[in-house]
Amino acid sequence: MELRRFRADLHIHTCLSPCGELSMSPRAVVDRAQAAGLDIIAVTDHNTTENSAAVIQAARGTGLAVLPGMEMTTAEEVHILGLFDPGTELGPFQATVYRNLPDVPSKKRFVKDQVIVDAADYVTGFSPHCLFGATRFSVQEAVDLIHGHGGLAIACHVDRESFSIISQLGFIPPGLCLEAVEVSPRLTVAEARTAFGPFDPLPMVRFSDAHQPEEIGCATTDFLVASPNLEEIRKALAGKDGRRIIPS
Amino acid sequence: MTLTDLATRLELKVHTAGTPLERPVLGGYVSDLLSDVIGHGRKDDLWVTMQVHPNIVAVAVLKELAGIVLVNGREPAAETLQQAEREGVPVLGTRLGAFELVGRLYGMGLKGS
Chain D
1 MELRRFRADL HIHTCLSPCG ELSMSPRAVV DRAQAAGLDI IAVTDHNTTE
51 NSAAVIQAAR GTGLAVLPGM EMTTAEEVHI LGLFDPGTEL GPFQATVYRN
101 LPDVPSKKRF VKDQVIVDAA DYVTGFSPHC LFGATRFSVQ EAVDLIHGHG
151 GLAIACHVDR ESFSIISQLG FIPPGLCLEA VEVSPRLTVA EARTAFGPFD
201 PLPMVRFSDA HQPEEIGCAT TDFLVASPNL EEIRKALAGK DGRRIIPS
Chain G
1 MTLTDLATRL ELKVHTAGTP LERPVLGGYV SDLLSDVIGH GRKDDLWVTM
51 QVHPNIVAVA VLKELAGIVL VNGREPAAET LQQAEREGVP VLGTRLGAFE
101 LVGRLYGMGL KGS
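So the sequence lines, in the order shown, correspond to chains D and G.
To convert, note that position 71 of the first sequence is 71 in this note's numbering; the numbers rise steadily by one, no gaps.
To convert, note that position 25 of the second sequence is 25 in this note's numbering; the numbers rise steadily by one, no gaps.
Please keep in mind that the hints were generated in silico from the structure rather than gathered at the bench.
Computed from a predicted structure; not experimentally measured.
Backbone N, C-alpha and C define an ideal beta-carbon position, used for all residues, glycine too.
Accuracy of the hints is not assured; some may be wrong.
Here's a subset of chain D near chain G, in silico, CB distances under 7 Å, partners left out [to be verified]:
1. GLU76
2. ILE166
3. SER167
Pair ranges (Cβ atoms, derived) [unchecked claim]:
4. D/PRO198 / G/ARG86: 24 to 32 Å
5. G/PHE99 / D/THR88: 29 to 37 Å
6. D/VAL111 / G/THR2: 45 to 53 Å
7. G/ARG95 / D/SER23: 45 to 53 Å
All chains should be modelled from the sequences, with the hints used to inform the complete structure.
Listed below in structure tokens is the structure:
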């Protein structure tokens, strides 16, 4: 099978995230991702996957691949990215996460509206959940939960001073089976490797963590894969069957 | 001042079995960010935190801390306890919050850097 380069930004928020701009609607995300030359994106709101389906649907027919996902907050306040196959039934996973979030209503004054939308950007509801809160899951439990639903688990923005596995836990716990470590747009992978790593054998990826449309694609990772889907990216992260990350 | 003195006077719970409590405590540090403790903790400090992840043991060993006190009645994770006992890192606990505990420690003469 022929392998080629696909450009990925697998950490993008929508208007459902408590810190995401209202302008991060499914159509805007898809349009901006295409304008930025991306081949595959993932929708990763804080502790929720509820806007993923709308973005997947909005991208239908455009050639842009979209993975559903979540940026989960662990009990240690570490952010872990969970990326899934679009065919995965995420209802039980989502229900488990909601059950383990604090039962605190979101305060509108400090938190943006947590807007649930459809593929045509119509508002269908507002999430009542405390999406900015931390779940009761330890990092190990969060990674196990993501893996249990067939997902990839990536430690987010390890170079940041907050919500990073390094800031919260000092170092990556030995035996934690992450698929990769993510670097924020502030640094290149090489810079992060020098300053915080190396994280061998974990591969390093770099994504935008976009909260507003202009940020989409401001940090990307190129994969040499057969097609832009979860299993191919899994292979690329593991360096299997000739699939790999193309160094930027 | 030793951990035994502090544990007695502040009614701290000793979570670990067989870890050295007669070790002198020379100062204290409070933080829930392990990277911060790696940066600023000092040898023989008592570390006050609510993090219960096993990595706290590694940080205590790395910085040669006298011990760890978990606040708000937090229980150490099972693996944390095992590692602490294996590495000889005393893990204590209190129902008090960090502010109250640190205030009492300071009142007993324990200082930060």
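Now the hints, each set against the structure:
no.	hint	in the structure
1	GLU76	holds, 5 Å
2	ILE166	holds, 6 Å
3	SER167	holds, 5 Å
4	D/PRO198 / G/ARG86: 24 to 32 Å	holds, 27 Å
5	G/PHE99 / D/THR88: 29 to 37 Å	violated, 44 Å
6	D/VAL111 / G/THR2: 45 to 53 Å	holds, 46 Å
7	G/ARG95 / D/SER23: 45 to 53 Å	holds, 47 Å
Going down the numbered hints, you'll see the structure goes against just number 5.
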